[in-house]
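Novice: Given only the sequences and the hints, what does the whole structure look like? Please build it.
Just so you know, the protein sequences line up as chains L and U, in that order. Using our numbering, the final residue of the first sequence is 639, and nothing's skipped along the way. Using our numbering, the final residue of the second sequence is 593, and nothing's skipped along the way.
One or more hints might be untrue.
[Unchecked claim] Think about it this way: if two alpha-carbon atoms lie no more than 27 Å apart in a straight line, the pair counts; the simulated DSS-like pairs of lysine-lysine are:
| no. | chain 1 | residue 1 | chain 2 | residue 2 |
| --- | --- | --- | --- | --- |
| 1 | U | Lys-92 | U | Lys-542 |
| 2 | U | Lys-386 | L | Lys-473 |
| 3 | L | Lys-473 | U | Lys-92 |
| 4 | L | Lys-473 | U | Lys-542 |
| 5 | U | Lys-241 | L | Lys-473 |
If you are wondering where the hints come from, they were derived from the structure by calculation, not from laboratory data.
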Amino acid sequence: MKKINQTIILLLLIILLSFGLRIWQISSVPPGLTWDEATLGYNAYSIIKTGGDEYGSLLPLTLKSFGDYKPAVYVYLDIPFVYILGLNELAVRLPSVVMGTLLVLLIYLFMVEIFNNRLLGLSCSLMLSISPFAVQFSRPAFESNVAVTLNILGILFFIKGLKKNKWFILSAIFFSLSIFTYQASRLFVPMILLSLVILFWKYLMINKFTVMTVLILAVVALINGYLIFGAGQGGRLSTMNYFAYTRSSGTVKQLSKALGENVKDLKFQIIEGEWFSYIRGLFERYLIYFSPKMLFVDGDYNLRDRVPDLGTLYYFSLPLFFLGFIYLWKAKSDQKINSFIKLFFVLLFLAPIPAVLSRDLITEIRALNLVFPLAILEGAGLFWLIKYLLKYKSRYLYVGFSIIGFIMMANVVIYLDRYFVHMPKEYGQDWLARYKNVVLDMNSLVKNHQYNEIIFTDYYGQPYIYYLFYTLYPPQNFQSQAILDQPTVDVGTVRRIDNIFFKHVYLPDNRGLKNSLLIGTEMELPLSDIQTSQNLKLIKEYKFADGQVAFRIVRVE
Amino acid sequence: MKIVKKINIWLVIIVILASILRLYGLTNYPTGLNADEASIGYNAYSLIQTGKDEYGTPWPLSFKSFGDYKPGLYFYFVIPFIKVLGLTELAVRLPVALFGIGTVALIYFLAWEIFEDKATAIFSALVLAISPWSIHFSRGGWETNVAVFFITLASVFLFKSFKKKIYLFWGLLAFLISMYLYQSPRLIIPIFILALLLLYKDELKISNFNQGKSLIKSNFKLVLVYLIILIILTFPLLAQFTGGTGQARFLGLSFLGDLGPKNRINELRGEHSNPNSIVVQLIHNKITGYAPVWLGHYLDHFAPSFLFITGDQIIRDKVPEVGQFFLTESIFLIFGLIGLINNGSKNKKFILALLMVSPLASSLTFQTPNAVRSLPLVIPFSIIMGVGLAKIIKLSPEKTRSALILLILVSLGFELIHYLVSYYILYPNLNSQAWEYGFAQMVPKLEKYQGQFSKVVITDRYDQPYILVLFYEKYDPIKYQPQSKLTKRDKFNFGTVRSFDKYEFRSISPNEIQNTKSTLFIGTKDEISPGSHIIDQVLDPAGNPTFVFSSTI
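Specialist: Okay, structure coming up:
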């Protein structure tokens, strides 16, 4: 009894720690909202106020947004937060924070369910709670993060369903929700469902009713998902898809010249054809998620998906990763839990697949399902290490624990320093850090004086959504003027709200303007031009934390 | 003989395959001869003729080569080949190839000693025989490959020593030989031996074969004699270490010489509001700055992109479009690592130790991943892949097993053909400059024309041209030794020879040719200005001129 209480207290502490790590300074770190975060927030606001999204579609399942048709579940999760807290960074990010914290509880339940070992569960939840990979993606409003928690809920209730069938319904609901939350789930959920059915076929066959429930719900969910996402999606998917990219014609020409063969020859097509180059690419993209260099030193290339200098996981996780793998693989020989551990390995090896099919070499956000099995590996490794140390006499025990504790603490401190001190300073531009200040200042300028025209740069992308977001622009007024300008299959944007134009600022084009505001970048509004021009007046300059100029507001007299 | 029983027809086939892959067209592929190979050849030639190296040092243990000191044993291995075959590309390369073939045979015995499983042993040899990593470094004057042979040999001997103690001596001797062959074993081997002492401390303490007596106690005198011999053999090595010449090169290559992390530390400190506080100094200092950099260099050698996709970055070390191993083998590796977990062999720790130790020397340099310095890795990787392949086949259902084997053979066969096409066709056409192609053709022409000129200027655009001219002219070492004069080391820590006889090696300036009489200029195409009188030229395999001969009329 006493032991259980201790576990619960420890678990609560770990969950509290997770929540702390995920919510601390959440409004200012990361130092700005991404396009998608601003969109999710404003659409939640729009639905609260009008029942429709920014384009006026009533209670949509997908958001047209920038023409990328995002699944909308995140917006609905965000509605209570925006309703209570108003439209701000905290409210936008809270669903992600809450789901990220919930995952720390789920990993404990998952491990206890399978191994019936509380210490192992605690160890895994501790590793997930401090994992840089988890913290990175559960602070900002990433739909991917919510989808991971929904997937794990789906898996957990599936396992529970094996004992008590009614849980299967919940499992099906969570899996379907996941499909409506994030694009990559459309691929991941069917894969994991299929694996679950294969792995637990014996259990499922005991009760035919169960099988039917699961299969029907799964099929319904999938058909729903595909029907809804089928529309308006094809073009963008085909550009984001890995297979849309071939080798450059220069490379192919060089190869064919060196081989002395025509590109169209069968021999060339077999030996040096595109097919083999694709296979090489697929191997590279898949294996990189298990590359120790990537996981522990390099991290993702995208600056929004990392902190400066550090990898995806802690340095100290390198040995834990291997220890955990060995521990779990050995545990597989236990017949009772064999299928469950197999499930773990299936999860580990399936998780990167949605990311492999994307055009980017690494995109951890699409491989975010990995966060769960990786934390289990680390946690199991730590658990094993502790168990190993406990065999020794107390003298060595303390020394051992102190060393491990010190190394872990030191590494956590190094990570937190990078995250909270250096990341906001160095990656300000990638997090679009100055949109807020410039939009709010512009708004007060506009309130005090009637300008003919305002031209706002689109250099940083999607300025309109920041204007809507930070000025709490009434959605009913916007819906009537929401016109998406989408010349290619890639994302489009809205070019005009009232007398504000969102486009490239080019001074020579704007000579005829009078009584207007120009808001542009350093390149668009060079100081030399402003100073030499009679009718231009620099009102304010905005800098990123690294000193680079982000925006200039210039008044045209 | 037990050994004979263990050799089977498959091993013979694999060794024949390995021989074909390592010997076919060895003179012309790789296309050209690089400066290191020419240096090995010419110094061996010089030793045969005069008993001294190119600088007139008699029988050196480490050779001064381009201002760097190279472990010298390989030069001596080449001597008999040059005696028989003359000063040719084949003579320089053949020993490496033969040792490479030998390694394929040896890995079979090593894998057998570790796992006592025939399939694993055969598959390890197969993986090594066809691996691009092993083939590439078996073709060319790569001493490192010979060092790997001796490391493998030593490993086999160490296992034999469990039954017969004398092998312990031979094993340590083979390790020592590898240290006289190449730089990186000098770091790797001592650490490896230490690791083995730790891992096998129980076996060393109480030897089961010795009625409970410790290995060392039971044969005290014998052990003492062997140890003394080994220690004496180590002295010259120690002398080289402390000699300072080796240290200079090491410091030039070390990742610690990279100033990036140091500047980064200052940058990071500057981002704190109080850069000089103790906390900031504890978080951002040399240890936290450089340790991760080292870790990155170390882990580079385990990156999938290095192992299976693009391979080493230096074109001399790789062929286009191929990794160090085949893609198919990445699956073997995964199964192999998993297979090791369940494998009951108590000697698997040996292979894991070799795997972890092998990239250490390479990881201390700033150019990683480096396939040359980390070449010993090819052994543990091949064995683990052998374990994996054996496991895959064992796991497969009986009914589909033959289909699976066929599938594996087809995909490995395809990748082997793809590699050979790359090696024999793409590589010479796209990267012949990496092997300094053209000197073999240029020197005979030089000999033909030089009589008419009092001076010859040869471009230094290609690495160390002087040694290649010496090599292909078979220039008399007695005549050369007094003329040899090395320049000061450049920023990469290399020196070169700028002139001997009537040759000068330097870059050619644009208008020089018109203004200089009775001088033959041999330059690259860009160095010879378009209006010049062109006497002759040498074309590379792709048909572009590598050397253009020019002079005033």
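Novice: Next, verify each hint and record whether it holds.
Specialist: Verification of the hints:
Among the hinted pairs, U:Lys-92 with U:Lys-542 is consistent with the structure: their alpha-carbon atoms are about 23 Å apart, no more than 27 Å. Proposed proximity of U:Lys-386 and L:Lys-473 is supported: the alpha carbons are some 22 Å apart, at most 27 Å. A distance of roughly 63 Å separates the Cα atoms of L:Lys-473 and U:Lys-92; the hinted pair therefore is violated under the 27 Å criterion. Only pairs whose Cα atoms come within 27 Å are accepted, and L:Lys-473 paired with U:Lys-542 is rejected, the gap being roughly 77 Å.
The suggested pairing of U:Lys-241 with L:Lys-473 holds, with an alpha-carbon distance near 20 Å, which does not exceed 27 Å.
Violation of the numbered hints given earlier is confined to hints 3 and 4; the remaining hints are satisfied by the structure.
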